[in-house]
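*Asks:* Heads up: the protein sequence lines correspond to chains U, E, S, G, Z, H, Y and A, in order. Taking the working numbering, the leading residue of the first sequence gets 8, the next gets one more, and so forth. Taking the working numbering, the leading residue of the second sequence gets 8, the next gets one more, and so forth. Taking the working numbering, the leading residue of the third sequence gets 8, the next gets one more, and so forth. Taking the working numbering, the leading residue of the fourth sequence gets 8, the next gets one more, and so forth. Taking the working numbering, the leading residue of the fifth sequence gets 8, the next gets one more, and so forth. Taking the working numbering, the leading residue of the sixth sequence gets 8, the next gets one more, and so forth. Taking the working numbering, the leading residue of the seventh sequence gets 8, the next gets one more, and so forth. Taking the working numbering, the leading residue of the eighth sequence gets 8, the next gets one more, and so forth.
Quick caveat, the hints were computed from the structure, so don't treat them as lab data. A hint or two may mislead.
Claimed, not checked - Lysine to any residue pairs mimicking SDA-like chemistry, simulated, CA-CA at most 20 Å apart:
#1 A/Lys175 / E/Asp41
#2 U/Lys175 / E/Arg54
#3 S/Lys174 / E/His168
8 protein chains.
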Amino acid sequence: MDKNLLLKLLESIAAGRVSTAEAADRLQHLAYEDITYAHIDHHRSLRKGFPEVIFGEGKSADQISGILEKMIYQENIILVTRIDQQKADFVRSRFPKAVYHTDARMIVLELTPVPIQGRGPILIISAGTSDIPVAKEAYLTACAMGNTVHTIFDVGVSGIHRLLNHKKMIDQATVLIVVAGMEGALPSVVAGMVDRPVIAVPTSVGYGVNLGGLTALFAMLNSCSSNVAVVNIDNGFGAGYMAAMINRV
Amino acid sequence: MDKNLLLKLLESIAAGRVSTAEAADRLQHLAYEDITYAHIDHHRSLRKGFPEVIFGEGKSADQISGILEKMIYQENIILVTRIDQQKADFVRSRFPKAVYHTDARMIVLELTPVPIQGRGPILIISAGTSDIPVAKEAYLTACAMGNTVHTIFDVGVSGIHRLLNHKKMIDQATVLIVVAGMEGALPSVVAGMVDRPVIAVPTSVGYGVNLGGLTALFAMLNSCSSNVAVVNIDNGFGAGYMAAMINRV
Amino acid sequence: MDKNLLLKLLESIAAGRVSTAEAADRLQHLAYEDITYAHIDHHRSLRKGFPEVIFGEGKSADQISGILEKMIYQENIILVTRIDQQKADFVRSRFPKAVYHTDARMIVLELTPVPIQGRGPILIISAGTSDIPVAKEAYLTACAMGNTVHTIFDVGVSGIHRLLNHKKMIDQATVLIVVAGMEGALPSVVAGMVDRPVIAVPTSVGYGVNLGGLTALFAMLNSCSSNVAVVNIDNGFGAGYMAAMINRV
Amino acid sequence: MDKNLLLKLLESIAAGRVSTAEAADRLQHLAYEDITYAHIDHHRSLRKGFPEVIFGEGKSADQISGILEKMIYQENIILVTRIDQQKADFVRSRFPKAVYHTDARMIVLELTPVPIQGRGPILIISAGTSDIPVAKEAYLTACAMGNTVHTIFDVGVSGIHRLLNHKKMIDQATVLIVVAGMEGALPSVVAGMVDRPVIAVPTSVGYGVNLGGLTALFAMLNSCSSNVAVVNIDNGFGAGYMAAMINRV
Amino acid sequence: MDKNLLLKLLESIAAGRVSTAEAADRLQHLAYEDITYAHIDHHRSLRKGFPEVIFGEGKSADQISGILEKMIYQENIILVTRIDQQKADFVRSRFPKAVYHTDARMIVLELTPVPIQGRGPILIISAGTSDIPVAKEAYLTACAMGNTVHTIFDVGVSGIHRLLNHKKMIDQATVLIVVAGMEGALPSVVAGMVDRPVIAVPTSVGYGVNLGGLTALFAMLNSCSSNVAVVNIDNGFGAGYMAAMINRV
Amino acid sequence: MDKNLLLKLLESIAAGRVSTAEAADRLQHLAYEDITYAHIDHHRSLRKGFPEVIFGEGKSADQISGILEKMIYQENIILVTRIDQQKADFVRSRFPKAVYHTDARMIVLELTPVPIQGRGPILIISAGTSDIPVAKEAYLTACAMGNTVHTIFDVGVSGIHRLLNHKKMIDQATVLIVVAGMEGALPSVVAGMVDRPVIAVPTSVGYGVNLGGLTALFAMLNSCSSNVAVVNIDNGFGAGYMAAMINRV
Amino acid sequence: MDKNLLLKLLESIAAGRVSTAEAADRLQHLAYEDITYAHIDHHRSLRKGFPEVIFGEGKSADQISGILEKMIYQENIILVTRIDQQKADFVRSRFPKAVYHTDARMIVLELTPVPIQGRGPILIISAGTSDIPVAKEAYLTACAMGNTVHTIFDVGVSGIHRLLNHKKMIDQATVLIVVAGMEGALPSVVAGMVDRPVIAVPTSVGYGVNLGGLTALFAMLNSCSSNVAVVNIDNGFGAGYMAAMINRV
Amino acid sequence: MDKNLLLKLLESIAAGRVSTAEAADRLQHLAYEDITYAHIDHHRSLRKGFPEVIFGEGKSADQISGILEKMIYQENIILVTRIDQQKADFVRSRFPKAVYHTDARMIVLELTPVPIQGRGPILIISAGTSDIPVAKEAYLTACAMGNTVHTIFDVGVSGIHRLLNHKKMIDQATVLIVVAGMEGALPSVVAGMVDRPVIAVPTSVGYGVNLGGLTALFAMLNSCSSNVAVVNIDNGFGAGYMAAMINRV
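Looking at chain U on its own, in the form it has when it is part of the complex (with noise of 0.2 Å):
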């Protein structure tokens, strides 16, 4: 349950706005919510700052929906990861709230605009017009969780000189996200560059030995620069969570 949300809640019933029994009601699930096919865990925002979100694959847009119900009356942003068109839309046939963002695969349903609660910008790198979505969806999250966030896409280490001509927007962040397919020397060659954190994200983009993302992984998890830490391949919500998570230490 959102925060401030439960302060409200707290302060209509010491008010007198709202009766106990209806308060209680409201607050019975706030441990979690069992609706058969899904645990919904209440608790989370409270818990660790951003509710529980909805990992689209895998789950009907039926589901998802009947997710989205029970948490909209606890919380003030949610969010769908990797959910298609065709899912997308049935969701915000009833949920007109909801944002759905093409490239990004995700849906953004937020229902007042999210203050800013990170210590500096965030800067997203990637390194090739086919990782733009997975670099997007990092953005988004990254966005959704309270913080500036900057992009700079397509400065692949094959023409160093074009990320050296960012070296100012480079400097300025406190955290950085680096996105790569391929060989996934990037993160290496930006975390070189900066002493701050550096969360690598490697994609699936390439072929061949790409190994659908694991030499990139694989290439990233042995940097030889050490301010270097990896998520999940194609997992940019990972990477977008994980920076916001550091921005407000």
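Position chains E, S, G, Z, H, Y and A relative to chain U; hints supplied.
*Replies:* Just chains E, S, G, Z, H, Y and A, lined up with the frame of chain U:
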């Protein structure tokens, strides 16, 4: 070159205590120094806030000492990782201030005490007794970079009450490092309890399908908790470094 | 051949209700029956307590029906696994008693109700909503083999309080089946709470380094809890079968 | 803490034979005891019916002895697995009751004989002479947990008559453990003969594409017999533990 | 070029029935013929006793027909493997003598019946109904190369009595082909029963850790029976070819 | 920017035919041009002798056209690789000079004919008919970079006389590209015949343990001939590019 | 039991030279003999034409000698494979007729000379000097099973003229064994020259992506020649055995 | 046979300085010489411009010396790679002109100085100090084949300014060899700076998911720079050989 040492040197020139010739001599290798078998990156501590760390594996004791000799006039603290007892003895015979940590297989050479710079305590949790050497490497690194570091060892998920009993220490940490081999489940459970960034370190502890740590690594990258990023197998050093970097965002 | 059916047949012969010629005809395929594309093992229900189960993948609807035709006179309950909607419709048009379960992709053909034979309730726990189809396959199999089966769905380790709240149901089970994809950590945590055998089922749910379920599989095989044994990825049927076998030891 | 020891202690308090102060002292670590390098889970024998087992690999002889010292006052039987001769000699010099089994690389420390608790005999079958050490580890574990255990060694599938001649012993077992390296075919054949649960243990015996046991493991997970579940490569201990757990369902 | 055809041609020249010019024209491509997208090896049937076999996958129907056109004047029997229904229809519209076998996905184009050349019957055994297509490919190939071929389908190791009942047919075979997916155990068991060479064919039938047939392949290569050699996954053609080659040693 | 175009522009300025303002406009993106989804490296043809090549996979037809629009004023020849028929049709409707090669899945957009720059002929040899698309990609690339290119297709090692008959053409080549799938043996044999550099290209042609081309790749990297270097699976473009680079050393 | 020995024994009984009691004693273990750590399959030489072969790896010198003691009264020739010098010395001290072959790491214990039974010569070809030990294991096995065996060593594909010069010996062989490490290309080339069955043996010779022999193995399984079947990595014994089996079809 | 030596011999015959009998003796092994354990390819230096190189691994010191003895009368320069100190000492005791290079584990036996044949300097760049042995192997090979070779060691991508400072040397090279372990990113960055062919050499330096060099290898094969081709892991020799081959195109 250590920023404080650089400032002192410049002040000495300004005050006439050091001749410009002497200073030029000292500063000529500011970018890097080429000693045939190594290009020492003296600029790193200015650029990244911490000097180059010497990776001991695959270097002879002579090479390590040779690099140390060049660095010791420029830096306040130097680390050598993955160095065995025999090489360490050789190094210590030439650098008496060097301290060797047997379990972490690491040398810490600290000239003056490093002041605390982190925003809060870093907490290192390890799953089993056999994971301690990796956890210790993380511990020594994070300490060397100016952090208060706490540890909880041997609290695997098969007896989860051992973990829950340390809830208070867990809640106080600003950054967490979780070290685990075998099925690598601990980071997911710990990360589910906090709203802080968690650096997960897989270890090669186990046998059969632990696959030298790959299973723990992959499990951590697939964590159902989103506030987790991962470093290479047995890379305690990298985890400590990354945590320190995060802790001063 | 179902043991009860066999006993009845023998009694009918003894009572002169069935001629020996008729009986011989019926019993001639007791060991197995060869119908070109299949050697149907009619002896299995005598030898193993449950008839051969038809693996639907890679068989045509015609082949499946052909096998069913031969089995239906010999068995009381027959299962077809991994059968899609289209083939299932064809089969049901010829065997009206066949029930198709869409989520589990499974046909159950039960002539008379199967009596409860298990020592206590089997409990099936699944980590995420997307793991439910596999859990359902286990559920239907264990039910078909004469067990009381309970289920708890969507209680992943990133919000462990959801699991702990079901402690009572967990303690009552004689055998547990735990279904999980991604990092596959749930079986370790559950097994750490009980002194009962746990059958772990990895699922192919996830992406990137979940490697089609291999990561969850390997994690489960490396479980730091010792009361865990594992079946193939997505093999809900095998888990249900094994649990039923254990439950009548 | 061993349940019987706990009962005795409580009776002693009730009878005034032990002061409450003394008892408190004894019980203060009931949940777990923290000795820096290990959190000993004394609660395990109450919760799971058998005390924590010490995994010897990666622990020093000193650490193993340190853990034993804390456990010996609380438990009736303690196992140390994967311990080599040299460490075992050190441990035995301090715990004379400890018996070391060379082939299984295991210490059994039994204070009073463990009574039989299993429903029937457990049968352990191994495919080749080289698989015997793993089979022995399973044997010692199942014995230590209160079972009658029979063994048939070296009956691989290339001379299947050797197996068929042991049909009677096979039919009597309530649970079977089948140990095999190379192609790992034995569990499928054995499981096809019985209506009992079979725990399959792949071993790393073989060369070339046995891939350190992975081939046997994968073959067993793909078994065309459904009453098979699998444990990690060379994990005789886990198989014995799981079989014992099943045998008292 | 088919040896008999070549002999006839040479006799025709000797007898003056064919002019040397005509013959030269016919023989000019004896070594090979280059038709841009293929170097047809017309010499193969002389050198190896059987003409080049056309691998249909990755070739267009046009290319296949183009190659057939050049071969049909030189050979008595031609095989096209791995060709789908659509391409086959196209080919058959141009070569009416071509017979398409749907389950084996194979075309056999036989001008005059091939005489029996093998020393004895070849026996093909398959483990499951889903393995039949691969077994059929082996069957058609061995037949086309002049052998008597027998088959036993669906006799997996989980009901080994089905196999033992065919002992007589097994003992009569001079060469055996054993086709199996999943755990790939059948070749070991069969080979243990005979003193004849066994060609093992792994199939991609199965799921999870069958790994597209790799598990069956590796199991067969690790067979504890020594009279086993293995061909590629799903390579029924190669098995039939190799068996035919052995059968005329 | 194409070197000749640049020289012409500078001459035009010197001759007063182009104002400095116009020229500045034209040259402002000399380093690179940022069009949101791509950083076009216009500097590449000056730095590397050939303009950036557009990797079509994962880019929309719109994005490809957008990049072409910016490049066409700066370059003389542009390649788009891995582009399917549908996207190619869209691109060609906007750039009529673009030629699409169906088998190689590649667009060549050449404004004025490229002069021959290579030291001698490049020879491309492919092992099978199915490898031709990859060989064609190499062919088109090497041609576009100013080379005379010869080809020999379908000369696999199972009929080595076909290869030996082309000895003369092989001896004349200055650089060789050898394309092969399946066991990838051809490069070793060819390289053993010449004292010239051989670029080996593995293809994904095959099935079973060809592992999508990994087997051919690994075989080529293990070549017992030393004058072999390898590019990624199916990377005909890279082979053509590298051969062109070598051919002007 | 050796067939000739059995016949002699039966004749002795018939002739009254051996009492039935003595004979019974001798024949009681005809099926197999259980000596705790091994079930010796005495029936194998009757059933399969060659006695059980002792796999030395993972057995102690004592165990090997124990098995030999039981076999020596029943068989004419016994092989021990993969036995190191030290164990072999121990065995030879107890069985003076045992001959140890250092390079093949194999013991041959032959009581009376084995007569030639093969249809023609077996030819063993190896690619490199380092492959000779594996080739020798095949050589000794095929000899022991009654074959004339020829060898050609060190004729890799990088200098193919060395192979072509041995054409005559190649054409005479009835069965060929081809041993190769690295890229494993030799079997394809050899098989392309003959119309005889070729047994390919991959070796673990090489480094980097030879992957312990997996690359050679996979290349051989992908051979574009159809008269090739493959055995496990370094399995010279299996190749010799299979070739002998083929040579008496 | 060395071309110059051959010419001299032929001139001597022509001049009557050498009898035809003597010459015949000398030339009889021109194609190859069979010394049981090796077929020495004396023809190679004529055919390929450089004599056969002896791969020391898996050969005994005796075998290496035996081969050298046969080659030394035919060649001017001979290399032995992957030979350890002990074997090298043995060889040097018999061939005093042999020079052993400890770090590269290589013997160079040069009778008369090799003249420079390359078109320009070859440049070898290595990423880390631990990669130097592999770089040295490449260096010695390229030198032995008549090239001027320059080196820059320890310039990894985490401090890219170290690389950029060597721009001039990089621009002068006609061929580049780039040696790197860990994430293998250096070749991409270097290749992006030049219009010359780059041979990338992955090394096995690193730990965890460097996977013995596979990660660096795969990263290099996925390079986003097109002027890169790759050799086997740690194959410095092959890189030097290939570079020399390119340098005389």
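*Asks:* Work down the list of hints and note, for each, if the structure agrees.
*Replies:* Cross-check of the supplied hints:
1. A/Lys175 / E/Asp41: holds, 16 Å
2. U/Lys175 / E/Arg54: holds, 14 Å
3. S/Lys174 / E/His168: Distance of about 14 Å is within 20 Å: holds.
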